[in-house]
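All chains, please: the whole structure from these sequences, using the hints.
Top line first, the protein sequences correspond to chains A and B. Per this note's numbering, the very first residue in the first sequence carries number 3; after that it's consecutive. Per this note's numbering, the very first residue in the second sequence carries number 36; after that it's consecutive.
Do not take every clue at face value.
Claimed, not checked - Across the chosen pairs, the derived CB separations fall in these ranges:
(1) Q281(A) - R549(B): 57 to 63 Å
(2) P230(A) - T124(B): 34 to 40 Å
(3) G590(B) - P230(A): 39 to 45 Å
(4) N175(A) - P449(B): 54 to 60 Å
(5) L610(B) - K78(A): 44 to 50 Å
(6) E419(A) - G457(B): 35 to 41 Å
What the hints assert, rightly or not - Dumping the calculated DSSO-like pairs for lysine-lysine here, alpha-carbon to alpha-carbon at most 27 Å:
(7) K78(A) - K319(B)
(8) K316(B) - K420(B)
(9) K79(A) - K319(B)
Keep in mind that the hints were calculated from the coordinates and are not lab data. Every residue, glycine too, gets a C-beta built ideally from N, C-alpha and C.
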Amino acid sequence: MWTNHQNLVSRRDVLRQANIGFGGLALATILGGESAATTVHHAPRAKRMIFLFMKGGPSQVDTFDPKPRLTQDHGKKLPIDRPRLLFHSVGEQNTKLLASPWKFRQYGESGIPVSELFPRIATCVDDLCVIRSLHGSNPAHGGATLKLHTGSDTLIRPSMGSWISYGLGSENNELPAFVTVSPTPFHGGVNNYGSAFLPAIYQGTPVGRGGLPVQQAQIAHITPAASPSQQRMQLDLVHRLNQQHHQRDPADTDLEARIRTMELAFRMQSSLPELQNVQSESRKTQQAYGLDQPTTQDFGYQCLLARRLIEQGVRLVQVTHQSGPSHWDQHANLLDRHPQNAREVDQPIAALLKDLKQRGLLDDTLVLWGGEFGRTPTVEERDSSQGNGRDHNPDGFTMWMAGGGVKAGSIYGATDEFGYFAVENKMHIHDLHATILHLLGLDHKRLTYRFGGRDFRLTDVHGEVATGIFA
Amino acid sequence: MHFGHLILAGLLIPITVLGPAAAADQHWAFQPIVRKPIPVSLSTVHLLSPIDVFIRARLDARGMEPVPSADRQTLIRRVTFDLTGLPPTPAEIEAFLADTRQGAWERVIDRLLASPAYGERWARHWLDVVRYADSNGLDENRAYIQAFRYRDYVINAFNDDMPFDQFVHEQIAGDLLPLVQLSETADQQDRIQRLAEKTRRHIATGFLVLGPKGLREVDGTKMELDIIDDQVATIGNAFLALTLECARCHDHKFDPISTEDYYALAGIFKSTRTMERIFNKRGKGDGFWLEVEVPLDLSATTDWETEHYKHATLVRKLTAGLPPTVLEAANIAEQDRTDQQNQVLTDFSQADLKQGHMLDQLQKLQGASPKKPAMGRAMVVTDGKIVDLRVMLRGSHLNQGDHVPRRFPRALSPQTTKMGPGNSGRLELARWLTSADNPLTSRVFVNRIWQWHFGRGLVETPDNFGSLSGPPTHPRLLDWLADEFRSGGWSTKRLHRLLLCSATYRRGNGYEPRSAKVDVENELLWRFRRRRLEAEEVRDSLLAVAGTLDHAMHGSLLSLKARDYVDDAETGRHLVSYDNSRRSVYQPVIRNKVYNLFQTFDFPNPSMVNGRRSSTTVSPQVLLMMNSPLVIGCAEKMAEQVTQLPNRAMSERLNDMYLTVLGRFPDDLEKVALLAYLDRYASRVAAGTKLQRRQAAWNSLAQSVLMLNEFLYVD
Chain A
3 MWTNHQNLVS RRDVLRQANI GFGGLALATI LGGESAATTV HHAPRAKRMI FLFMKGGPSQ
63 VDTFDPKPRL TQDHGKKLPI DRPRLLFHSV GEQNTKLLAS PWKFRQYGES GIPVSELFPR
123 IATCVDDLCV IRSLHGSNPA HGGATLKLHT GSDTLIRPSM GSWISYGLGS ENNELPAFVT
183 VSPTPFHGGV NNYGSAFLPA IYQGTPVGRG GLPVQQAQIA HITPAASPSQ QRMQLDLVHR
243 LNQQHHQRDP ADTDLEARIR TMELAFRMQS SLPELQNVQS ESRKTQQAYG LDQPTTQDFG
303 YQCLLARRLI EQGVRLVQVT HQSGPSHWDQ HANLLDRHPQ NAREVDQPIA ALLKDLKQRG
363 LLDDTLVLWG GEFGRTPTVE ERDSSQGNGR DHNPDGFTMW MAGGGVKAGS IYGATDEFGY
423 FAVENKMHIH DLHATILHLL GLDHKRLTYR FGGRDFRLTD VHGEVATGIF A
Chain B
36 MHFGHLILAG LLIPITVLGP AAAADQHWAF QPIVRKPIPV SLSTVHLLSP IDVFIRARLD
96 ARGMEPVPSA DRQTLIRRVT FDLTGLPPTP AEIEAFLADT RQGAWERVID RLLASPAYGE
156 RWARHWLDVV RYADSNGLDE NRAYIQAFRY RDYVINAFND DMPFDQFVHE QIAGDLLPLV
216 QLSETADQQD RIQRLAEKTR RHIATGFLVL GPKGLREVDG TKMELDIIDD QVATIGNAFL
276 ALTLECARCH DHKFDPISTE DYYALAGIFK STRTMERIFN KRGKGDGFWL EVEVPLDLSA
336 TTDWETEHYK HATLVRKLTA GLPPTVLEAA NIAEQDRTDQ QNQVLTDFSQ ADLKQGHMLD
396 QLQKLQGASP KKPAMGRAMV VTDGKIVDLR VMLRGSHLNQ GDHVPRRFPR ALSPQTTKMG
456 PGNSGRLELA RWLTSADNPL TSRVFVNRIW QWHFGRGLVE TPDNFGSLSG PPTHPRLLDW
516 LADEFRSGGW STKRLHRLLL CSATYRRGNG YEPRSAKVDV ENELLWRFRR RRLEAEEVRD
576 SLLAVAGTLD HAMHGSLLSL KARDYVDDAE TGRHLVSYDN SRRSVYQPVI RNKVYNLFQT
636 FDFPNPSMVN GRRSSTTVSP QVLLMMNSPL VIGCAEKMAE QVTQLPNRAM SERLNDMYLT
696 VLGRFPDDLE KVALLAYLDR YASRVAAGTK LQRRQAAWNS LAQSVLMLNE FLYVD
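Below, the structure is given as structure tokens:
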């Protein structure tokens, strides 16, 4: 939630005169005792981040992690032990290997293989750092989504985005530090962008919600109820009376903060919708993001909005792809639904990467792509009306990063020859968090907050920074 | 013992940390409650309340003067919001200002404590502490459509001034508390009372059930242990202000709580049945929580129970002499009997006239069993299979260590209370919490009540009295209050009176630069803290001043069916509506998706124990006040009320509006500004008749008053 940070400050009259802007570093300095984030801990490689969240769990072995062994042994039984916890599979179910129905090809100078599901993202591979060794611990959507977003699948903890806004603040006084576009109402819902025990100002600001066409997405109560001149007149009266009231206790900075917040809110009524209105973008840009095509227009708008927001100083924008209730969760019907999902995001994501690059933003903007887990290399057999699919797999899956100081055109880590378990340069969700914070100039061990008598951090007691992905 | 450093407010303060091995006798919170004499001195001998003497002693020591008392207009608004969460009505303000007899203040307090709105306000404080919600949250969000019975129980407990020790016992072990035995002469009224008590106590145990749950946790054993962890953590935080949950994976880093202590307590809840089921048929975690039937109509249910008993006795008598095969056949409905069974019955009745008569009678009785009245359901716990747990190394159930018998934390309860093989130990736990040798429970609760009145506890961290908490600002006062509370029958209303009748509570909040220099945080209470209204107060006040607040009590506003998801699985549409005029305490609390207005005004995360709300100043709050249909609707209603009274001067109308919203009349300067605004606004409205333009101006003016800081803050 964007804000006037003054409230936290106000509790310390000593600092009352410190007339500093609300930018992150300055804020963190003022907060002093309440915040451990006194400054970025080291030179940041990225100043901001866009997270392209593929809800439901795209299949690694069908996208960025080709496994010839699956083609070779298609239909044979998986010769290794499966994990202790399985989501759908029981007993002998789901033990036969399933070859990827899609062909892989090497692209670009780096020669990174990408399946035919993503022909456009494939043209950007030289900018990607493909991490094939992610692993988590929870095989259910709710647990895994919460784990990815908050570091915990059982306890209510601040989201990664709120930690980042706590650490960095916003670069723009009139905008929130953390915006989440079309967030899912399911599987943790608000907790995925909530601030838990961090002050509410650090929680993500939702724009719309999953399931609602994003063009209709709005921030609550942003539409003015009266004309600008009427509102101006009203605010002038309120200010006058508030000032008079404030005279009684001029030292109360809460009252003062609220007076100033009113002006901010008044301005936001026009600045935010303006930002959401992509009509001002050139026709070419709109077409590049696929706004003219029904398949791509929803996610295209999300991606374009993400660029517009980070351009204006928002630190973290998350966009969520989840068309339809089944999203990327293909227990069945892999053959139809995975290509459909891919078509919806492929062009917009490629357009975003190229747009960022062309504007010189990619260098210090970290882009992250991925779901809450991957899928099993084995087949979940369904009757012919449904078509076969793959079960959840948190034990080895792929995410990719781009920009923000990561090694472009590289592959990091590996799964076993079936694509089931991460085996090389393993990166746990906690390691992913530590690495993201590091790229943003924050030390995950020092970004702490004291609550209920103890210090908390995003990575709890875990987390290794994967320096191997740094450029 | 080792030393650590904490960075607090930019200062490096060395602190002593008690390791788990350290003796508990070093930390203040674990010491017995000691009632020391009230430190009366020459300067304090005239003070009204012992509380003032304690407060004054510390101010004197720093050479500080408290600011003078607030005026009566301020006081009536302060105490009305404080006790009921609502603004005082103009009539209530006028009555108090007119009451110049001695004891006017005490009379106002008594009136407010007796109002049902008191329970609605103070129950909500407690609901923050017990992480109350109407859905399970965490992974997939299902409605707890019966949780409201626990919420209503809490409202009644506060309104009835249920002794706090009883309140503790009922929430933890209501199902295990012995009920009165009905005597031979018991009448219907006695039976109703007994049933009411039984029902109430069972509903109270909803406290243990309504925590957040990952119902689709694939590892069912982990799901169960997570639910137990929520129970242990909530009891620790809420009653003892200890973070017991820290010891799930390792000995507590700062407090003398070991993993053995944790699993000894966890064993009590492992022996308690909270869930109807954890696993589904395939052995996967797929949880349903436990519910039982509860009577909706006590009198009808008591009647039925009596009738049912009589009927069952008759049937038993009649069937005592029947051969088993005959009885079996007779118990089956006629249309379901096999030919063979029919034959058995025919043979039996034709064998002897008396036998035939018996069967006829039985059949008649079976057709006339008394009809059970409609029943409701409630979320409850019961005792389950009694077991002790093993320590789980690093919190993992896959790596189990030594067996630990169920007991209380050693540092707090050195003598072991034996828990039998036949009961979970919840009743023993509940009684130990309020026993004379437990120093925490009453200190913790007294501190909470203090904080809810004064904005800051004597201990600043209400949910953590462990060694990382700061020491109390007034340790002797805290102990005096804790002892007074316990020895005064654990009466919460008595405690309220004690605090509210002090001069400390009636202080003004004027600014005093000299005092501010010494004590900027006002820890020593040299003035009263101004506070922003809480989320519920904001909404309830809007509805109250608009005259549309519905004061109906109790019940559920959820329209979902049992275990329904709170969002539509296809479209993601939220299925919970907040569009009603009931008091905010009745609004559904949906985990993962708290009502927008609540969220905007710092409603706490309902999945965590939270004894102290934050109060932020953020722009979405302003946007809500400027643009939400709720605020605009309330402003229009208020304007309508003010303008529809005939034959009233403009100045009087402005008085009405200010008195309703702010509890005072506008001064002359303000009146000039308000009148000028009405004219200017009306002249700028483009369309409509003169009357319509005038009304539009009043609407805008009413909204302006609602947007004032003075409306949103209580002095």
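Assessment of proposed distance window 54 to 60 Å (beta carbons of N175(A), P449(B)):
At roughly 57 Å between Cβ atoms, P449(B) and N175(A) fall inside 54 to 60 Å, so the hint holds.
Sort out whether K420(B) lies within 27 Å of K316(B), counting only the CA atoms.
Judged against 27 Å, a Cα distance of about 20 Å means the pair holds.
Pair hint K79(A) and K319(B), alpha-carbon separation not exceeding 27 Å:
Holds. K79(A) to K319(B) sits at ~23 Å (cutoff 27 Å).
Pairwise beta carbon distance, P230(A) to T124(B), judged against the given window 34 to 40 Å:
Roughly 36 Å apart at Cβ, these two residues keep to the hinted range, so it holds.
Do the Cβ positions of L610(B) and K78(A) conform to the proposed distance bound of 44 to 50 Å?
Holds: the Cβ-Cβ distance is about 46 Å, inside 44 to 50 Å.
Status of the given 57 to 63 Å range, CB of R549(B) versus CB of Q281(A):
holds, 59 Å
Are the Cα atoms of K78(A) and K319(B) separated by 27 Å or less?
Roughly 26 Å separates the two Cα atoms, so the pair holds.
Take a look at whether the Cβ-Cβ distance between E419(A) and G457(B) falls inside 35 to 41 Å.
This hint is violated: roughly 56 Å between Cβ atoms.
Please test the hint of 39 to 45 Å on the beta carbon pair from G590(B) and P230(A).
holds, 43 Å
When the structure is compared with the earlier hints, a violation turns up for hint 6 alone.
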